[in-house]
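Build out the structure end to end from the sequences listed, making use of the hints.
As given, the protein sequences belong to chains A and B, one line each in that order. Just so we're on the same page, the working numbering is the position in the first sequence counted from 1, plus 12. Just so we're on the same page, the working numbering is the position in the second sequence counted from 1, plus 27.
Possibly wrong hints are sitting among the right ones.
[To be verified] Output of the computed footprint for chain A on chain B, the stretches with three or more beta carbons under 8 Å from beta carbons of chain A: (1) 45-59; (2) 124-132.
[Stated by the list, open to error] One side only, chain B facing chain A, incomplete, derived with CB under 10 Å: (3) Glu42; (4) Arg66; (5) Phe90; (6) Tyr93; (7) Glu99; (8) His101; (9) Ala115; (10) Ile137; (11) Ser138.
[To be verified] Now the in silico label distances, taken between C-beta atoms and shown as ranges: (12) B:Gly44 <-> A:Phe32: 16 to 26 Å; (13) A:Val41 <-> B:Gly44: 35 to 45 Å; (14) B:Ile121 <-> A:Asn148: 32 to 42 Å; (15) A:Pro106 <-> B:Phe106: 28 to 38 Å; (16) A:Asp136 <-> B:Arg141: 28 to 38 Å; (17) A:Met165 <-> B:Leu40: 42 to 52 Å; (18) B:Phe106 <-> A:Val41: 28 to 38 Å; (19) A:Asn148 <-> B:Ser130: 50 to 60 Å; (20) A:Phe110 <-> B:Leu40: 21 to 31 Å; (21) A:Phe22 <-> B:Leu98: 26 to 36 Å; (22) A:Leu72 <-> B:Thr139: 37 to 47 Å; (23) B:Ala41 <-> A:Trp127: 17 to 27 Å.
It should be emphasised that the hints constitute simulated quantities derived from the structure, not laboratory data. Every residue gets a Cβ at the ideal spot worked out from N, C-alpha and C, and that includes glycine.
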Amino acid sequence: MDLYAIFFYFFGLLTVASAFVVVFARNIVHSAFALMFTFFGVAALYVLLYADFIAVTQLLVYVGGILVLIIFGVMLTTKVFSVEVKTGTLNVLPATLFTAIIAGMLIFVFYVTDWNIIPDQEWDTTVYGIGALLVNDFILPMQVAGVLLLVAMIGAVMMAARERSKS
Amino acid sequence: MMAFCIAQIPQWLAEPGLQHFLIISAILFSLGLLAVITRRNVIMVLMGIELILNAANINFIAFTRYSTLSLEGHLIALFVIILAAAEAAIALAIVLNIYQRFSTVNVDEISTLRE
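So this is what it looks like as structure tokens:
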């Protein structure tokens, strides 16, 4: 049981437990804050997989951006100081059964498949490789992603501002 | 005593490999699916989608580490993160509009495209 395994089990348990809280918490604000721990745990798992750049991007974009957006959405659409903040559920029993079957099947398949695992190799920082690939093989997806982000930004501002100005 | 304890731990538990990461991602995926199916609040559905995307990303990065999918798995994960950011911004703008029109964000009560 070396340090790698201890870190793996700690962060894996953190991720899964906080994901459980996200799904099963009655209070949506609790869900939003538990989601932060899930994102932190996933970023730590990326670090354990030698993906340093993706881990930092995960922290910046998910914890710094998407989570703040989600909390803003919670604050703007629920009456925080009343009982309205509790959210209901639908079809809990069949849905739980369905997802439990799916989880069991996925874990079974992951367990029995004979994965073609390469032997351990030396990993240095991935930033150089990612940068080189982004301007060579992935230049078109990168440009398209830039245009998509611009369109998404303009669209979000237009949609969120339209109703306000009309009313 | 210590050596005895270490010897007791089976090898599949002591050395986390590809399958451990895949199983964590399977659990995250199932929980995200459960949130999407059962919760009534649109924002909870969005959180479930974020969980599913994170599960997919863990898979990509685990395969980059343990198989011959070179660094391209990292790039795919990067684009998934970009798309998740764009999706969250657009979806929350839509949710704000829905809340202004219907005064509710419960998906089962929003069944018409206009008032």
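Coverage of the segment 124-132 of chain B by chain A, judged on three or more residues with CB within 8 Å: With 5 residues close enough to chain A, the hint holds.
8 Å C-beta criterion, at least three residues: is the segment 45-59 of chain B covered by chain A: holds (count 14)
Asparagine 148 of chain A and isoleucine 121 of chain B - C-beta distance against the hinted 32 to 42 Å: Holds, since isoleucine 121 of chain B and asparagine 148 of chain A (Cβ atoms, about 36 Å apart) stay within the stated range.
Hint check: 10 Å Cβ-Cβ cutoff, alanine 115 of chain B to chain A: Interface hint status for alanine 115 of chain B: holds (5 Å vs cutoff 10 Å).
Interface hint for glutamate 99 of chain B, Cβ within 10 Å of any Cβ on chain A: Cβ of glutamate 99 of chain B sits 7 Å from chain A, so the hint holds.
Satisfaction of the hinted span 35 to 45 Å by the C-beta atoms belonging to valine 41 of chain A and glycine 44 of chain B: 37 Å, holds
Supplied distance hint 28 to 38 Å, evaluated on CB atoms of proline 106 of chain A and phenylalanine 106 of chain B: 34 Å, holds
Distance restraint hint 16 to 26 Å, applied to the beta-carbon atoms of glycine 44 of chain B and phenylalanine 32 of chain A: Cβ of glycine 44 of chain B to Cβ of phenylalanine 32 of chain A: about 24 Å, so the range 16 to 26 Å holds.
C-beta pair phenylalanine 106 of chain B, valine 41 of chain A: status relative to the range 28 to 38 Å that was hinted: 31 Å, holds
Beta-carbon spacing of alanine 41 of chain B to tryptophan 127 of chain A - inside the hinted bounds 17 to 27 Å or not: 18 Å, holds
Minimum beta-carbon distance criterion (10 Å), histidine 101 of chain B to chain A: Status holds, d = 5 Å.
Interface hint status, arginine 66 of chain B versus chain A (Cβ within 10 Å): 6 Å, holds
In summary, the structure is inconsistent with hints 10, 11 and 16 from the numbered list given earlier, while agreeing with the others.
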